[in-house]
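Chain by chain, the residues:
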Amino acid sequence: MKLRGKPEPLLIRGGRVIDPAQGIDAEMDVLLADGVVSQLGHGLEADGARVFEARGLWVVPGLIDMHVHLREPGEEWKEDIASGTRAAAAGGFTTVVAMANTRPPVDDASMVNSILARAAEKAVVHVLPVGAVTRGLEGKELAEMGDMAEAGAVAFSDDGHPIADAEVMRCALEYGCVFGKPIIDHCQEPSLTRDAVMHLGYWSTVLGLRGMPAAAEEIMVARDIMLARLTGGRVHIAHASTRGTVDLLRGARAEGLPVTAEVTPTHLCLTDRLVHDTWYDTNTKVNPPLRAAEDVEALRRALAEGVIEAIATDHAPHHLDDKDVEYNYAAFGISALETAVPLLLTELVHPGLIAPGTLIERLTAGPARILGLGAGSLPVGRQPAAGSAPVVAGCRRVGAGSLRVGGCADVTVIDPGLERTVDPERFYSKGRNTPLGGRKLRGWPVLTVVAGHVVMRDGEVLA
Amino acid sequence: MKLKSRDILALEEMPREDMELILDTASSMKEIIYRPIKKVPTLRGKTVVTLFYEASTRTRTSFELAAKYMSADTVSIATATSSVQKGETLKDTARTLRVMGSDCVIMRHPVSGSCHFLARVLDIPVINGGDGMHEHPTQGLLDMFTMREKKGRLEGLRVAIIGDIYHSRVARSNIWGLKKMGASVVVCGPATLLPPEIEKMGVEATTRVEEAVKDADVVMVLRLQLERQQRGLFPSAREYSRLWGITRERLNLAKPDALLMHPGPMNRGIEIASEVADSPQSTIEDQVTNGVAVRMAILYLLLGGGEEK
Numbered sequence: 001m002k003l004r005g006k007p008e009p010l011l012i013r014g015g016r017v018i019d020p021a022q023g024i025d026a027e028m029d030v031l032l033a034d035g036v037v038s039q040l041g042h043g044l045e046a047d048g049a050r051v052f053e054a055r056g057l058w059v060v061p062g063l064i065d066m067h068v069h070l071r072e073p074g075e076e077w078k079e080d081i082a083s084g085t086r087a088a089a090a091g092g093f094t095t096v097v098a099m100a101n102t103r104p105p106v107d108d109a110s111m112v113n114s115i116l117a118r119a120a121e122k123a124v125v126h127v128l129p130v131g132a133v134t135r136g137l138e139g140k141e142l143a144e145m146g147d148m149a150e151a152g153a154v155a156f157s158d159d160g161h162p163i164a165d166a167e168v169m170r171c172a173l174e175y176g177c178v179f180g181k182p183i184i185d186h187c188q189e190p191s192l193t194r195d196a197v198m199h200l201g202y203w204s205t206v207l208g209l210r211g212m213p214a215a216a217e218e219i220m221v222a223r224d225i226m227l228a229r230l231t232g233g234r235v236h237i238a239h240a241s242t243r244g245t246v247d248l249l250r251g252a253r254a255e256g257l258p259v260t261a262e263v264t265p266t267h268l269c270l271t272d273r274l275v276h277d278t279w280y281d282t283n284t285k286v287n288p289p290l291r292a293a294e295d296v297e298a299l300r301r302a303l304a305e306g307v308i309e310a311i312a313t314d315h316a317p318h319h320l321d322d323k324d325v326e327y328n329y330a331a332f333g334i335s336a337l338e339t340a341v342p343l344l345l346t347e348l349v350h351p352g353l354i355a356p357g358t359l360i361e362r363l364t365a366g367p368a369r370i371l372g373l374g375a376g377s378l379p380v381g382r383q384p385a386a387g388s389a390p391v392v393a394g395c396r397r398v399g400a401g402s403l404r405v406g407g408c409a410d411v412t413v414i415d416p417g418l419e420r421t422v423d424p425e426r427f428y429s430k431g432r433n434t435p436l437g438g439r440k441l442r443g444w445p446v447l448t449v450v451a452g453h454v455v456m457r458d459g460e461v462l463a
Numbered sequence: 464m465k466l467k468s469r470d471i472l473a474l475e476e477m478p479r480e481d482m483e484l485i486l487d488t489a490s491s492m493k494e495i496i497y498r499p500i501k502k503v504p505t506l507r508g509k510t511v512v513t514l515f516y517e518a519s520t521r522t523r524t525s526f527e528l529a530a531k532y533m534s535a536d537t538v539s540i541a542t543a544t545s546s547v548q549k550g551e552t553l554k555d556t557a558r559t560l561r562v563m564g565s566d567c568v569i570m571r572h573p574v575s576g577s578c579h580f581l582a583r584v585l586d587i588p589v590i591n592g593g594d595g596m597h598e599h600p601t602q603g604l605l606d607m608f609t610m611r612e613k614k615g616r617l618e619g620l621r622v623a624i625i626g627d628i629y630h631s632r633v634a635r636s637n638i639w640g641l642k643k644m645g646a647s648v649v650v651c652g653p654a655t656l657l658p659p660e661i662e663k664m665g666v667e668a669t670t671r672v673e674e675a676v677k678d679a680d681v682v683m684v685l686r687l688q689l690e691r692q693q694r695g696l697f698p699s700a701r702e703y704s705r706l707w708g709i710t711r712e713r714l715n716l717a718k719p720d721a722l723l724m725h726p727g728p729m730n731r732g733i734e735i736a737s738e739v740a741d742s743p744q745s746t747i748e749d750q751v752t753n754g755v756a757v758r759m760a761i762l763y764l765l766l767g768g769g770e771e772k
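Chains A and B, in that order, are what the protein sequence lines are. Going by my numbering, the first sequence opens with residue 1, and the numbers climb by one from there. Going by my numbering, the second sequence opens with residue 464, and the numbers climb by one from there.
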């Protein structure tokens, strides 16, 4: 990580501390010193520390986004590690999990090392790399998962591509089991989604666009659940998007299978109708596609109940040139890091659909649990890069989604009442591809602290 | 009278008054087509560009003749021989045409929504000449014009649209237009060629052709695109023809004075039998003539012909 030296002590005073991992939701002070949470309590003395007055604000563990595309190496005009992690900081995230579909893909230990080295030099938040499941993301031969796990990969995924061959998925689960990392699958039966650009339903009928049936996702989710049962391997469903997927997950959970899932803010808050109401705005084009209202309904319920344990953005930045074209020719993806928190608060928390504690759990302890970021599970045989602060580097001592005393000082402060209009031109991400431009949202992050370093304050990235 | 619409993109979003104004104006335009000297000076000095990314005979010709009959200059861009082949984006091509001084762009494009995209880029009127599987609004208008001309009304008509509804921009434009004008619509075809939830557009849907045709005032047959067979959406043209082809027997189930329509080009002997295509009930040639009249009306209304003092 780019952050060097010893951070100044910081007292975050009088905020509403929400730390679901410790069952805390109360007004408290948080003292950060030497890059760790040093005290948590009432009436703490500043004792020389800088003070951040947090009255009326939420003080939460640093948010973890377990699904982002940083595009480096290979597509730096869309995003790079510096811009992507600054976008994360702006959005309140202290840890991002970087998907393997770069060019070349992260499919061996040297690529994992390369991502970690680049992050050590340029990142302003923790970057945890994902390794590919198969060589070249081709879905054929297994990549060297053992090597990558040792180098620091926290999970395996061919995200962007489904693992279409059931035998390959079975082997990946069996072989990968040993390393204790989940296999994150982008579930989509490819023969059902050929040339499709949005959800199959009424609006695709009206717009004359080829639709992806919900069944394309559900078939592969069902298959993966069965393969988890067969192999005992850990499956994590990326960006769950349909009601049927939720039903399948509920069944898997009831059976006690090692299957987890994430959902994006996009799929929790927007529906396929938006493609129509924006007359084919290509910023609505995303994979999986914006789904029907009944799907959104089911996803929200699953999130509230814990059937879905994590919210992840699937931040997919693209250049304007990739989007400023006809709908079918536009790239899939939404630049989501900088709008996730205010969108979720505006659409889910303020209307009373999701409790604040639940939302924060799904953005902190939930992903930490899925990735095994709890105490003792990291580091995986990796030492901090030379020259960086002793406190954190690469994946070492990442805040595990909690404000436990002694843990890494990753903290996010959110002002639940702050209202602002989304202005993509002011994004830190290079990707301005959002369908939310111009929308007024309420509940923005105002402070992001990574390993004790203040990297964002009042929306401005300082690192 | 002026149109509320700045562009002609989709009948879904076109107000009923605009449709009525276009149909009424087209009636007076039609007379010009039968004059010995088919030329009025209405659009002298205006330049109309047709930009077609897909093959077309009648739509492009129809637009060009409509413009020429009103003395506009026309330029047609065939994408096969243009800079599009060098990888130029639609946006850049459109802007190039604009800065050369064109007053209106008529576009056909294989991707749904492209005309909306073009209209966002350009500050001159855009007319949709067919965008992907979305809409073909001028076809919808000329079909309605033909029905109104022959039946004297649109309100209360029962219109059966038979064939590949899924991929048909003609069907979508007709559905929106006819619904707004008070007609009822039933769509029919093999289940693989009926898009999901189409009933929510306010139509009946059935796979049984006899049921669809029964008591119809208008039977509109769509062109079967034979390449759909390659994708496995139906097993053979032979079976399609046997189960959904419009024959004399099937047409007899409709009202005795029912109209038989087809947007062309036809696959004779597949979706439509020659006996009915060439029968007095067939309006297929009227549709072509009316297409010119409707497009004259649209160009006239959009290009400010109505504003001249």
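Some clues are possibly wrong.
To be verified - Straight-line Cα separation of at most 20 Å, DMTMM-like style, residue types lysine to aspartate or glutamate; simulated pairs:
#1 B:554 - A:167
#2 B:663 - A:460
#3 A:323 - B:660
#4 B:549 - A:324
#5 B:467 - B:566
#6 A:2 - A:460
#7 A:140 - A:108
#8 A:323 - B:551
#9 B:554 - A:324
#10 B:554 - A:108
#11 B:613 - B:487
#12 B:663 - A:247
#13 B:549 - A:321
#14 B:642 - B:660
#15 B:677 - B:690
#16 A:323 - A:423
#17 A:140 - A:167
#18 B:549 - A:322
#19 A:140 - A:121
#20 B:501 - B:551
#21 A:323 - A:76
Derived from the structure by calculation, the hints contain no laboratory data.
Self-check item: Enumerated hints in conflict with the structure, sorted upward
Solution: Hints 1, 2, 3, 10, 12, 15, 19 and 20 contradicted; others consistent.
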